[in-house]
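Taking the hints into account, I'd like the entire structure generated from these sequences.
Protein chains in written order, with the working numbering: chain A, 6 to 172; chain B, 89 to 270.
Simulated from the structure, these hints should not be mistaken for laboratory data.
Simulated coverage check for chain A against chain B, where a stretch passes if three residues somewhere in it have a Cβ under 8 Å from a Cβ of chain B: (1) 6-13; (2) 18-26; (3) 29-35.
Label-pair distances were calculated between CB atoms; the ranges are: (4) 39/A <-> 154/B: 25 to 33 Å; (5) 12/A <-> 172/B: 23 to 31 Å; (6) 45/A <-> 151/B: 21 to 29 Å; (7) 260/B <-> 40/A: 49 to 57 Å; (8) 93/B <-> 29/A: 21 to 29 Å; (9) 16/A <-> 244/B: 26 to 34 Å; (10) 263/B <-> 21/A: 30 to 38 Å; (11) 59/A <-> 165/B: 49 to 57 Å; (12) 165/B <-> 21/A: 19 to 27 Å; (13) 244/B <-> 46/A: 49 to 57 Å.
Note that the structure is predicted; figures quoted are calculated from it, not measured.
Glycine included, every Cβ here is placed at the ideal spot set by N, Cα and C.
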Amino acid sequence: MDEQLREWAEEERRQMAPPGLEAVLLGKLRRRRWERRMWFAAPLAAAAVIVLLWRPVATVAPAPVAAPVVAVVKPAPVVVAKAVVKPKRVVAKPKPVAPEPFVAVGAWQAVEPIERGRIVRAEVPRATLASYGMPVGRGRWSEPAPVELLLGEDGTVRGMRVVPGFQ
Amino acid sequence: MVNRTDEELLPALAKGDEAAFTVVYRRRQGAIYRYALQMTGSAETASEVTQEVFLALMRQGSGLSAERGSVMSWLYAVARRQVLKLLAVERRYEAMGEDEVGPMVDPREEFESADLRAQLRALIPTLPPAYREVLALCVVEEMTYGEAARIAEVPEGTIRSRLHRAKAMLAERLAPAARRMA
Numbered sequence: 006m007d008e009q010l011r012e013w014a015e016e017e018r019r020q021m022a023p024p025g026l027e028a029v030l031l032g033k034l035r036r037r038r039w040e041r042r043m044w045f046a047a048p049l050a051a052a053a054v055i056v057l058l059w060r061p062v063a064t065v066a067p068a069p070v071a072a073p074v075v076a077v078v079k080p081a082p083v084v085v086a087k088a089v090v091k092p093k094r095v096v097a098k099p100k101p102v103a104p105e106p107f108v109a110v111g112a113w114q115a116v117e118p119i120e121r122g123r124i125v126r127a128e129v130p131r132a133t134l135a136s137y138g139m140p141v142g143r144g145r146w147s148e149p150a151p152v153e154l155l156l157g158e159d160g161t162v163r164g165m166r167v168v169p170g171f172q
Numbered sequence: 089m090v091n092r093t094d095e096e097l098l099p100a101l102a103k104g105d106e107a108a109f110t111v112v113y114r115r116r117q118g119a120i121y122r123y124a125l126q127m128t129g130s131a132e133t134a135s136e137v138t139q140e141v142f143l144a145l146m147r148q149g150s151g152l153s154a155e156r157g158s159v160m161s162w163l164y165a166v167a168r169r170q171v172l173k174l175l176a177v178e179r180r181y182e183a184m185g186e187d188e189v190g191p192m193v194d195p196r197e198e199f200e201s202a203d204l205r206a207q208l209r210a211l212i213p214t215l216p217p218a219y220r221e222v223l224a225l226c227v228v229e230e231m232t233y234g235e236a237a238r239i240a241e242v243p244e245g246t247i248r249s250r251l252h253r254a255k256a257m258l259a260e261r262l263a264p265a266a267r268r269m270a
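Here's what the structure looks like:
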């Protein structure tokens with residue numbers, strides 16, 4: 006057993022670390038040495054930044070003021086200025102939106118003048134507005150649009166218009 | 089510089105002298121690598137351990153002194169710590185106990201035509217780490233029991249008994265193959 010172990014040991018002694026390891030370690034050693042030499046670089050840079058930031062603003066010496074020349078001048082007549090009255094702020098009232106004309110509905114080719122009638126508010130599908138060539142607004146297509154319906158004396162709908170301000 | 093001892097090179101090492109580092113590295117890398125190789129069974133891991141050991145020498149070389157022990161002992165101590173850490177992490181081996189036996193290898197299955205030396209080479213990695221360690225230090229590196237004991241941090245008597253048991257274990261496992269070959 007001792008003989009076999011000796012032979013095994015002789016073979017094992019030939020084992021060495023990979024050749025590239027020495028180069029890797031020497032590279033790290035050089036880098037470490039360089040960092041140690043440049044230890045002052047970081048504090049120096051920080052100090053330079055601080056100096057730049059804290060540099061006092063250059064002060065300009067004030068120009069010498071000339072001695073005042075005293076002259077006797079006749080006082081000007083005092084003029085009392087008129088009080089300036091600020092104009093009142095006028096808030097412009099919103100202009101009333103003119104209602105759209107009624108559009109004839111149904112069998113009526115035109116909305117004829119009627120002696121008495123009623124205007125009622127209702128909601129109709131936007132598709133209805135579109136079918137009469139009326140503006141459908143910017144709202145959702147599925148949402149109904151508010152309109153005013155003109156009812157004649159007999160209760161039939163004569164005309165329709167969108168509610169003023171409808172968009 | 090080549091003729092100077094490791095301890096004499098310590099001041100130059102502390103200053104980061106490249107030549108001194110190269111001398112110490114070339115002198116000691118083989119032993120550290122072989123120790124790590126025996127303990128881990130992996131060439132890649134052994135390279136990593138060797139690298140860590142010499143990086144530690146770079147970083148802590150200034151703190152070493154001849155009075156506190158030899159550079160070689162210090163390198164082994166660092167290597168041993170690294171190896172134990174790796175073994176604990178990888179769970180390759182449960183413990184460094186003496187009575188634990190590694191997986192058995194049947195020489196008849198794997199080495200029908202191989203000689204006893206090849207079978208011995210295959211059997212050694214199956215020994216418990218404590219036995220592999222004593223083989224690496226006392227047999228491969230030819231250290232004295234005292235030197236091995238300082239590195240393994242056990243009494244000399246323990247080193248002696250571990251070596252004896254390692255040899256007995258190998259002989260026992262090799263016996264069937266030896267009889268067959270005879």
